[in-house]
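Chemist: Sequence:
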Amino acid sequence: MVEALVRVAMVWLPLNAPLVARPQAPPVPRLVVLITVDQLSPDYLVRFRPQFTGGLERLLRNGAVFTGAYQDHAVTETAPGHATVGSGRNPWSTGIVRNDEGVPDSTAPLLESNGPGASPRRFRGTALFDWIANQYPSARALSMSYKDRSAILPIGRARQHVYWVAGSRFTTSRYYADTLAEWVRRFNAEAAVSERAPGYVWDLLLPPSSYPEPDSMPFENRGRNFNFPHRSPADSAGAVNFFAHSPWLDSLTLAFALVGVRELGLGRGPGPDLLAVGLSATDEIGHSYGPDSREVHDQILRLDRWLGMFLDSLDRAIGPGHVVVALTADHGVTAAPEILRARGDTATGFVSVDTLVRRMQGELVARAGGGGCIRYAEVGLVAMDRAGLTQRGVNVDSVVEAMREAALRIPGVVRVDTRRTLAAVDTLSDTIGRRWRNSLPADALGELMITLRPHHQWGAPMGGGRHGQPTDDDTHVPLVIAGPGVTAGRYPGRVSVVDLAPTLARLLGVSPLERVDGRVLNEALARRGVAGASR
Numbered sequence: 101m102v103e104a105l106v107r108v109a110m111v112w113l114p115l116n117a118p119l120v121a122r123p124q125a126p127p128v129p130r131l132v133v134l135i136t137v138d139q140l141s142p143d144y145l146v147r148f149r150p151q152f153t154g155g156l157e158r159l160l161r162n163g164a165v166f167t168g169a170y171q172d173h174a175v176t177e178t179a180p181g182h183a184t185v186g187s188g189r190n191p192w193s194t195g196i197v198r199n200d201e202g203v204p205d206s207t208a209p210l211l212e213s214n215g216p217g218a219s220p221r222r223f224r225g226t227a228l229f230d231w232i233a234n235q236y237p238s239a240r241a242l243s244m245s246y247k248d249r250s251a252i253l254p255i256g257r258a259r260q261h262v263y264w265v266a267g268s269r270f271t272t273s274r275y276y277a278d279t280l281a282e283w284v285r286r287f288n289a290e291a292a293v294s295e296r297a298p299g300y301v302w303d304l305l306l307p308p309s310s311y312p313e314p315d316s317m318p319f320e321n322r323g324r325n326f327n328f329p330h331r332s333p334a335d336s337a338g339a340v341n342f343f344a345h346s347p348w349l350d351s352l353t354l355a356f357a358l359v360g361v362r363e364l365g366l367g368r369g370p371g372p373d374l375l376a377v378g379l380s381a382t383d384e385i386g387h388s389y390g391p392d393s394r395e396v397h398d399q400i401l402r403l404d405r406w407l408g409m410f411l412d413s414l415d416r417a418i419g420p421g422h423v424v425v426a427l428t429a430d431h432g433v434t435a436a437p438e439i440l441r442a443r444g445d446t447a448t449g450f451v452s453v454d455t456l457v458r459r460m461q462g463e464l465v466a467r468a469g470g471g472g473c474i475r476y477a478e479v480g481l482v483a484m485d486r487a488g489l490t491q492r493g494v495n496v497d498s499v500v501e502a503m504r505e506a507a508l509r510i511p512g513v514v515r516v517d518t519r520r521t522l523a524a525v526d527t528l529s530d531t532i533g534r535r536w537r538n539s540l541p542a543d544a545l546g547e548l549m550i551t552l553r554p555h556h557q558w559g560a561p562m563g564g565g566r567h568g569q570p571t572d573d574d575t576h577v578p579l580v581i582a583g584p585g586v587t588a589g590r591y592p593g594r595v596s597v598v599d600l601a602p603t604l605a606r607l608l609g610v611s612p613l614e615r616v617d618g619r620v621l622n623e624a625l626a627r628r629g630v631a632g633a634s635r
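For the sequence shown, my numbering begins at 101 and goes up steadily by one.
No lab work stands behind these hints, which were simulated from the structure alone.
Just so you know, not all the hints are guaranteed correct.
Said to hold, decoys possible - Simulated DEER-style distance windows between Cβ atoms:
#1 Pro308 - Glu501: 50 to 60 Å
#2 Asn214 - Gly470: 31 to 41 Å
#3 Ala523 - Glu313: 37 to 47 Å
#4 Arg590 - Thr490: 50 to 60 Å
#5 Arg362 - Thr279: 14 to 24 Å
#6 Ala560 - Arg459: 15 to 25 Å
#7 Arg459 - Gly593: 39 to 49 Å
#8 Thr153 - Ala447: 31 to 41 Å
#9 Thr490 - Asn214: 35 to 45 Å
#10 Arg259 - Ile510: 42 to 52 Å
#11 Ser206 - Pro318: 36 to 46 Å
We put the CB at the ideal spot given by N, CA and C, even for glycine.
Taking the hints into account, I'd like the entire structure generated from these sequences.
Modeler: Quick look at the structure:
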C-alpha cells in the first residue's frame, strides 16, 4: 500500500518542481485555500526556516505573517480547533468543545468503508463556505484530511465534497452522499494497495549533519523504533499504520486535493470556491516523538517541499494570482517532560486526576445510586450529570467545591475553575479564564475546569508531545494569509484564529451570516471598501 500511495502522491508532488513567481497585480480570487496543519507550532517556522525551499518559505516570504496568533479557547484539541478555523467563532458558539463530542454520528455510516459514522450535526451556526454560497449560490467546497473531524468541521454543516481516510481509503458518509464519487474510487484503486506496503523506509531528507536534534532519545515513541531510518513492519496492517505516522500521509492528502480540484473544476466558476485541506502527519509524528525530535524536523522540511509543489500545481490549474491561501493550525503542542528534564527544566511533569475522579465517582454512587454521575474527565474538563444528581438529592455545588479543593492539591495543577468562578473573571486580563469561557456553551456539562502549570502534560509518559491545555504552548499557532488583496509582511500584534474567517470573507467581498467572535485583520489587507465582517 505504502509504495503505491507514495507513487501516486509523488506524481503530483515531485520534490524537484520549480517554484512559480508570484504575480505583481492582485486579480480577483477564484479559489480560497484553507490549510490547517495539525499540531503545527509557530516555532517550527522560525527554527527550520533556513532550510525551507518550498511552500512554507513561499508563504512566509509573500504572505501576511501574524506571529502572535492564538487559538483562544481552553480545550486545544483537533475538533474544536478545526471548527474555529472555518467559522470565526469559539467553541462556546460552535458547540464543538472536544474531540469525543465532535463528529461521531452513528446515523451517518461511511461509504464503502468500515468505521464509525461521522457528520457535522453537532456543529452550530454557519461557516465561511455558507457565507460564500449565500452570495454565490453556485460556489463549491472540497474538504479533505486523514481525520474525519479535520475534514468535516472547517466547512460547518454544508453538504459539499468532504472526504477522510478510513482504513487505507478515502471515504465520506451518508450525510454528504449516497454513493462514492467515481474519481474517489479511481484514486483509491491506484493508491490504496495494502499488499505493497511492507518494507517501506522513512529516512532523512537531508544529510544527518543538517539536524541538530539527537537521534538517540530512548523515551521517544514509547521506546520503540526511535532511530532513523524507520522501517515499516512486514505485515500489511502494520505497514498501513506506519504510513499513517509518516510524512507521506501529507503528500497523499495533497495529491488527493489536487485530483479533486481537477475533477470538480474548482476555481473556474463565476464566484470563489473553497478548498480546505487538513494535514495530519505533524500531529501523528509529534505525538510519537515530540516537537524537539529529529522526526518532527524532517517532517516539517518535507511538508515545506510538498506544499511548494501543491501551491505551484494550483497556480498552474487556476492561474497565478487567482488563489488566496491561508495557513494555520488547530492547536500547538507541549514538549515531552522527559526532554525538558534533560535540558534542566525541573518544573515539568505528568498529572493525573484519575484517582480523584474514581474516588468521587464511588462516593456519589454510594450516596445517590446508579452510574454515570461523573460523565467524563478529559484534558482538564470534568463533566457531571448535574440534573440527575440533583433529582437524587445531591447538592452538586458542594460536590464540585470539594473536588475543586482536592484537585488544587495535586502537584502540577495551577488553578481549578467552576462555572461560578468563570462567570466572574475579567476576560481582558485573565487569559486562562477567558479561554475556558470561550470553550463552554451554556448547555455544556462541564463543572470543573482544571489547568496545569506550563510544561506539564496529562497522563503517563509516552515520549512525545501533547496538547489540550489553555497554556500558551498549546494555544500559540501560525497564521499566514497570502494572495491577491493581502499586504505581505510580519504583524507582531496579538490576534486570534477566529479572526481568519472574517478576514477571508472581507477579501472575497462576502459577509458572515451571524455574529462572529473574530475581527477583520484590516492591517494586512491591501484592498478597502468591500463588504465585510464586524466583530
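Chemist: May I ask which of the numbered hints given earlier this structure violates, with the numbers listed in increasing order?
Modeler: No numbers; nothing is violated.
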